[in-house]
Amino acid sequence: MTTTTSSPTGAARAASATADYLDQRTGIGHAVKYFARKVFPDHWSFMLGEIALYSFVTLILSGIFLTMFFVPSMGETHYEGPWPSLNGVEMSEAFSSTLRLSFEVRGGLLMRQIHHWAALIFMASIVVHMMRVFFTGAFRKPREINWVVGFVLLILGLAAGFSGYSLPDDVLSGNGLRITDGVVKAIPIIGSYTSYFIFGGEFPGHDLIPRLFTVHILLVPGLILALIGLHLVLMVMHKHTQYPGSGRSDKNVVGYPALPVYVARLGGNFFLVFGIIALLAGTMSINPVWNYGPYDPSPVSAGAQPDWYMLFLEGALRLMPGGAEFVIGQYTVPLNVIIPAMVVPGILFTLLALYPFIEAFATGDDREHHVLDRPRNRPFRTAFGVSLLMAFFILVLAGSNDLIATHFHLSINDITWTFRVLLFVAPWLAFVITKRICLGLQRKDRELVLHGHETGRIVRFASGEYIEVHKPLDAHERWLRVQHEAIRPLEIEPAEDSRGVRRKGYRRDTMRRRLSELFYEDRVEPVTPAELAAAQAHGHGAHEAVEAGHGPRELASSAPGGGQHLVDPHDETAPEGRNHTV
Amino acid sequence: MSHDNTTDVARRSAGEHPERFDDPGVHQPNPRLSDLDEKHAKKAERQVAALFTISIVGTIVFVWAYFALPPGETPESMRLSNIVLGLALTCILLGIGLAIVHWAKTLMSNKEYVEERHPQRSDDETRAGAIQALQDGAADSGISRRGALKGAGLTALALFPLSIVLPLIGNVGEDWNVSKFKHTMWRKGTRLAYDPTGRPIKASDLTIGSIAHVIPEDLHEAESPLDEKAKAVVLLVRMDPRDLKSEREPGFGFDGIVAYSKICTHVGCPVALYEQQTHHLLCPCHQSTFDVADGAKVVFGPAKRPLPQLPIEVDAEGYLVARGDFVEPVGPTFWERLT
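Residue numbers (the numbering used here), protein chains in the order written: chain G, 1 to 582; chain U, 1 to 339.
For the record, the hints were derived by calculation from the structure and aren't laboratory data. Where is the CB? At the ideal position from N, CA and C, for every residue including glycine. A portion of the hints provided could be inaccurate.
Claimed, not checked - Straight-line distance between alpha carbons at most 30 Å, and here's what the computed BS3-like set of lysine-lysine pairs gives: (1) U:K105 x U:K42; (2) U:K111 x U:K188; (3) U:K202 x G:K239; (4) U:K150 x U:K43; (5) G:K504 x G:K251; (6) G:K141 x G:K33; (7) G:K38 x U:K245; (8) G:K33 x U:K188; (9) G:K471 x U:K188; (10) G:K239 x G:K504; (11) U:K39 x U:K150; (12) U:K245 x G:K251; (13) U:K297 x G:K38; (14) G:K471 x G:K141; (15) G:K38 x G:K239; (16) U:K39 x U:K105; (17) G:K38 x U:K188; (18) G:K33 x U:K105; (19) G:K141 x G:K251; (20) U:K43 x U:K182; (21) U:K297 x U:K245; (22) G:K471 x G:K504; (23) G:K251 x U:K182; (24) U:K111 x G:K239; (25) U:K202 x U:K188.
What the hints assert, rightly or not - Where chain G lies over chain U, by a calculated footprint (3+ residues, C-beta under 8 Å): (26) 98 to 110; (27) 144 to 157; (28) 186 to 194; (29) 203 to 210; (30) 236 to 243.
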């Protein structure tokens, strides 16, 4: 209000008076001084988490709109409205209010579609952000707790999504709930009671939609909001990680100041994310419940898929052979449901949540890490992450096996069998191949550091020998490729001490050593200054140094091609001056 | 060979070379066009202003469309309203977003700054102070001297949540009578009726190879029809009696007409797809496949048990009626289904 004064000095005076008023009452000066020029490192991949944050803000904004018109009730009603094919059809108030807010509320359909698209993007950006954090090792000390917070946010996101798309009470989501009921009933001993707990009696009952509504608009978003707050506070406290590069170490942070660059980009990105979601919502229909119809326990549509983030569960259920159900005494244990719906996701999620702790145990490293790893420099971690993703990906595809069958005219049974095999084979293959690619890329880095860039210029010596001129890396290029440490497997103390007494904890140490070997046995060490000097001094012999310094299981393979000479670009007119042997 | 060679080289030169390379120090990015030339800076400024203008125009279009293009009565008008509002909103948001990001990238300083990090761990003095503070607090409370208070206090705190949890758990599952899973509303003499019309079915209505989705005729009189329907839906198939290899319960069918529960024994989806030639029933959710000609046995997929069979006969007027309830619980497996 006060800033609308016409004279600029007036505006400045008003601003300073406001600032003074606030500071005298809150001491906000400290915070402003601390945050205004705080440095944030910059990289496109740091935006992935931002996308999650902004799609969540979009979810809240559009969600508030939707709550104004949605009626969370399973009370029966008959539809009267502009959608002709459903006129007079008996349905719940939840479904009919969804139709009303889609067709009769101005901008309602847009808001509904924004909400659903934002949910898909929210989950996708969480997953991709988590992949970035995983593959760059950003979860290492001191950020393990924040990894766990992020993991819980992922689970809460699943809960938010599932409770949300079930609310319209249409036939598609209703069958999803029926599957949930079947899965819950499969839990030994308490399954039937848990089903009653959720549905307030028999499925579908009359309580579910109001209960899901409370879960969806209060419980879960409240928890998400609180944990996002914690996630961000921890991020600010730790200061953001940075990619390796010149001048970046574990003791500093290099980047742009919060004001103006970082704040501008943060703000700008919010509008970009919201804008892209609006574009999707304006042009692409999502979850057209009026085509599915209201929930009825009898019909079901073929090719029915849940939202993408639930597909892996659906896929696991589809792949499991039925024979695993057994009876013990009078009681039935449906392992054909328990394994895919509880054990498989349990394993995937437990590995994901605990990974930072497992890796820290195998590494035996107690230092803080603020410089990120290049994924190639941690072959085990990268390969492990890719194989976990591969398992997830196979399950997602298996959740769409009917669509694959109808689109490609294949037998559903063959597809299912293929995925059953792939679920076990593909992650291993992915692991081995990824690890080889990582090691290969590291060797490529060594090669580059030792021999420089190829220039494509061929020079002939007086002796008649042809060589290609290589341009050495500059200091910044080289630093990126040699800054990391190759972690070596842990060495443990012997089983007996000097007096021949068997020491305690030896077995645990042995296990730890094995794990450590699994992680770090295969490795390629970065080039050392001595190696570079040797390579430059030795001309012909240099290519062999590319293979130096790898672990015991790394077999040396001779470098392809003949001798390569390193030629200083300033010296390239006189190649004879180089120390070359024939 | 080559290994020895190179390690030898490394060893020889170890004296002159450090173990690791040195960090060359922060590499400031190259100046941008807009840093070098005011003309480019002016151009960027105009671009930013144009993007903001797109946003302003977007808002005007949005407000216009809100009033001028109501969703109306037809799918076309609804679609038009949604597209125009959506695209206008896209312009509003992307205009602002792109403008700010472009501004930041071209016109704001791109100098990188370096800030020190400090270890997360608090220093020893602070830690000692914290421990002292806790000890002082504990000492002031006298908790270590008065053990009875500790026990009583902890017990009270541990018991208190019961007052919230008990009523919640107690009420939330209705009557907790889970044996309801085991029964459906089919009784002796209940007529089989078409879903959803409720018209009763005569045996003579069904030709060989036909299939009907069936509900109990008196479904709408039930206290909670949806709950009952979720258990009672049935698929009625008429086959050539010669094709019928076996029934789930011998003698439950009538003249080649068999009635099986429509609720999948896997996790409860309706088993709705019937393939006339193979007599297979397919659940579209997880592809469990049941052979109607052979006692609805599972031939593929994640289900284990055959579909339960409803005993049927024909009443005096020729209508198909149930001879009683299913003899086993329908739908997905639960712990106490055989008790």
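Going through the hints against the structure:
Using a Cα cut-off of 30 Å, the hinted pair K105 of chain U and K42 of chain U holds, with the two alpha carbons roughly 14 Å apart. Proximity of K111 of chain U to K188 of chain U is assessed by CA-CA distance (about 85 Å); at most 30 Å being required, the pair is judged violated. For the hint linking K202 of chain U to K239 of chain G, the alpha-carbon distance of about 76 Å lies beyond 30 Å, and the restraint is violated. Of the supplied pair hints, the one linking K150 of chain U and K43 of chain U is violated, its CA atoms being roughly 73 Å apart against a limit of 30 Å.
Restraint check for K504 of chain G and K251 of chain G: the C-alpha separation of about 37 Å exceeds 30 Å, so the hint is violated. Distance check on the hinted pair: K141 of chain G and K33 of chain G sit about 28 Å apart at the alpha-carbon level, within 30 Å; holds. Of the supplied pair hints, the one linking K38 of chain G and K245 of chain U is violated, its CA atoms being roughly 78 Å apart against a limit of 30 Å. Only pairs whose Cα atoms come within 30 Å are accepted, and K33 of chain G paired with K188 of chain U is rejected, the gap being roughly 82 Å.
Among the hinted pairs, K471 of chain G with K188 of chain U is inconsistent with the structure: their alpha-carbon atoms are about 92 Å apart, more than 30 Å. As the CA atoms of K239 of chain G and K504 of chain G are separated by approximately 40 Å, the hinted pair breaks the 30 Å bound. With a C-alpha separation of about 76 Å, the suggested pair K39 of chain U and K150 of chain U falls outside the 30 Å cut-off, and the hint is violated. Between the alpha carbons of K245 of chain U and K251 of chain G the distance comes to roughly 78 Å, so the proposed pair goes past 30 Å and is violated.
A threshold of 30 Å between alpha carbons decides the hint, and for K297 of chain U with K38 of chain G the separation of about 68 Å lies outside it, so the pair is violated. A hinted pair counts as satisfied when its Cα atoms are at most 30 Å apart, and K471 of chain G with K141 of chain G does not qualify at roughly 38 Å. The hinted pair formed by K38 of chain G and K239 of chain G meets the criterion: a straight-line CA distance of about 9 Å does not exceed 30 Å. In summary, the hint linking K39 of chain U to K105 of chain U is supported, as the alpha carbons are separated by about 16 Å, within the 30 Å threshold.
Taken as a hint, the K38 of chain G and K188 of chain U pair is broken in the structure, with Cα atoms around 79 Å apart against an allowance of 30 Å. Simply put, K33 of chain G and K105 of chain U have alpha-carbon atoms about 24 Å apart, close enough for the 30 Å limit, and the pair holds. Only pairs whose Cα atoms come within 30 Å are accepted, and K141 of chain G paired with K251 of chain G is accepted, the gap being roughly 14 Å. For a cut-off of 30 Å, the pair hint linking K43 of chain U to K182 of chain U is broken: about 76 Å separates their Cα positions.
Restraint check: the Cα-Cα separation between K297 of chain U and K245 of chain U comes to about 11 Å, which is no more than 30 Å; the hinted pair holds. Restraint check for K471 of chain G and K504 of chain G: the C-alpha separation of about 56 Å exceeds 30 Å, so the hint is violated. For the hint linking K251 of chain G to K182 of chain U, the alpha-carbon distance of about 66 Å lies beyond 30 Å, and the restraint is violated. Simply put, K111 of chain U and K239 of chain G have alpha-carbon atoms about 19 Å apart, close enough for the 30 Å limit, and the pair holds.
Straight-line distance between C-alpha atoms of K202 of chain U and K188 of chain U comes to about 17 Å, which keeps the hinted pair within the 30 Å bound. For the segment 98 to 110 of chain U, the proposed coverage by chain G is satisfied: 9 residues have a C-beta within less than 8 Å of a C-beta in that chain, meeting the threshold of three. Check on the segment 144 to 157 of chain U: 0 of its residues sit with their Cβ under 8 Å from a Cβ of chain G, so the three-residue criterion for coverage is violated. As drawn, the segment 186 to 194 of chain U meets chain G at 0 residues by the rule of a beta-carbon pair under 8 Å; below three, the given contact is violated.
With 0 residues having a Cβ less than 8 Å from any Cβ of chain G, the segment 203 to 210 of chain U misses the three-residue criterion, and the hint is violated. By the rule of at least three residues with a Cβ nearer than 8 Å to a Cβ of chain G, the coverage given for the segment 236 to 243 of chain U is violated, with 0 such residues.
Consistency with the previously given hints fails for numbers 2, 3, 4, 5, 7, 8, 9, 10, 11, 12, 13, 14, 17, 20, 22, 23, 27, 28, 29, 30, ordered from lowest to highest.
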